[in-house]
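Q: The residues making up each chain are set out below.
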Amino acid sequence: MSVLVGTRKGLFTVDRTGRTGSAGNAGYGVVATEFLGAPVTAVLDDARDGTTYAALDHGHFGVKLHRRDAGDTSFREIAVPEYPERPADATDINPMSNQAVPWALQLLWTLAPGHTDQPGRLWAGTIPGGLFRSDDRGDSWEMVRSLWDRPERAEWMGGGYDWGGIHSVSVDPRDARSLTVGVSIGGVWCSDDDGTTWELGTGLRNAYLPPEQAYEPGPQDPHRLDRCSADPDVVWCQHHNGVFRSTDGGRTYTEIEERPPSTFGFAVVAHPHDPATAWFVPAQADEQRIPVDGRMVVSRTRDGGESFDVLGTGLPDQHAYHLVYRHALAVDSAGERLAMASTTGSLFVSDDAGDTWTHVTSGLPPVACVTWTD
Amino acid sequence: MAVLHFTRALQRHVDAPSERVDGTTVRAALDGYFERHPEVRGYVVDERGIVRRHVAVFVGGEPIADRDAQSDAVGPDTEIHVMQALSGG
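Line by line, the protein sequences are chains A and B. Going by this note's numbering, the first residue of the first sequence is number 1, and it counts up by one from there. Going by this note's numbering, the first residue of the second sequence is number 1001, and it counts up by one from there.
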């Protein structure tokens, strides 16, 4: 089992090397590099067939997607999602910047596997807000127009990026037609019919709009959603303004008001088997976006958000300025190992569900995403 | 026939050899090239066929004026260079 780390300057594979370095890295080290120099924005290790997917943002030369089949040693380029032509009478304009939304792929932000009954099905969440579906392992893509054409999309805004985008796509393991999608900034969208129709999740609360709009379901900024595989009704949400939990598949949310040391952050992962357990990486809200008091910690709940353990053993505890992005915290399929990596190029691994951490390296480029491979 | 060249920075990602191309406009020249090398298209233009924001196309040493439709004229012995723009790093 290894960790794939997608960074500003390439994809790194980290595994046990059997050598413990001077930094006390517990034998973990970089064992392979791919795409050196190219920003890797999303990575997926598809447990259904062992395929690895890596999305690149070449900047000058556009967004690309690469696939490595199980057993192969190298990637090859495959198709990327393509936006349709913007109609001359389109009225979608970013309400904050007043600029027309470009109908062209800006970033491939997340890749998610389809249901186990749908071999070849992949989902891609992109900026500026398109959700795409593939049924041939990424050889071709189709935009989900039913979501793109929702009138509410005209109100989507960028959170950190210039345009709204889809960062979380989750398929209910019990029902291939049931989808939960997170949009920054545009709320949580749920479908029961394989993306034919959509409904907005409710119960999220924002603090960046006038108070009477705090619970409007559309202008919400869920930073990341993650679902418990064994109890798929349970969906955790790290939101711009707090922590929320759903027990109906992402349709309605209850706020968890206390989450030490802060309720701000980007990343959340759900325990794959225990619906009461989830991990978060809190940060100082939201003007600073650094660890609270310069101390790096992970907050874990084991009782559905009633209480949290603040876990810092092995993590830097002073003058640590790591920010962990929404896709840069991952748990393995057993719910035992965690990997976490930061914008300042550090990778941390825990073999005991977060109780203790190993600082594997501090020499990576800024990290966008991590995932475990089975 | 014009001759189409691609920056070395692009060759890192995709094989794009220099070739002679038909066509009286940049668009026609590029399309002819992309027909033979379809894997190069997405690196130079986006899904709308517009030259990518950080790609520069020069015809006879001058940047093209029409990045959207590439209607700039191409003469019989013109050198066309597809470069990495200095914008955006």
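Incorrect hints may have been included.
[As the list claims (entries may be wrong)] Have a look at the derived ranges for each label pair, beta carbon to beta carbon: (1) B:ASP1022 to A:ASP135: 34 to 42 Å; (2) A:ASP193 to B:GLY1075: 43 to 51 Å; (3) A:LYS9 to B:HIS1037: 21 to 29 Å.
What the hints contain is simulated information worked out from the structure, not anything from laboratory work. Positions of the beta carbon are idealized from the N, C-alpha and C atoms, including for glycine.
Q: Each hint should be assessed against the structure and marked as holding or not.
A: A quick look at each hint next to the structure:
1. B:ASP1022 to A:ASP135: 34 to 42 Å: Check passed, 37 Å falls within 34 to 42 Å.
2. A:ASP193 to B:GLY1075: 43 to 51 Å: 56 Å, violated
3. A:LYS9 to B:HIS1037: 21 to 29 Å: Since LYS9 (chain A) and HIS1037 (chain B) have Cβ atoms about 27 Å apart, the given range 21 to 29 Å holds.
The structure shown violates just one earlier hint, number 2.
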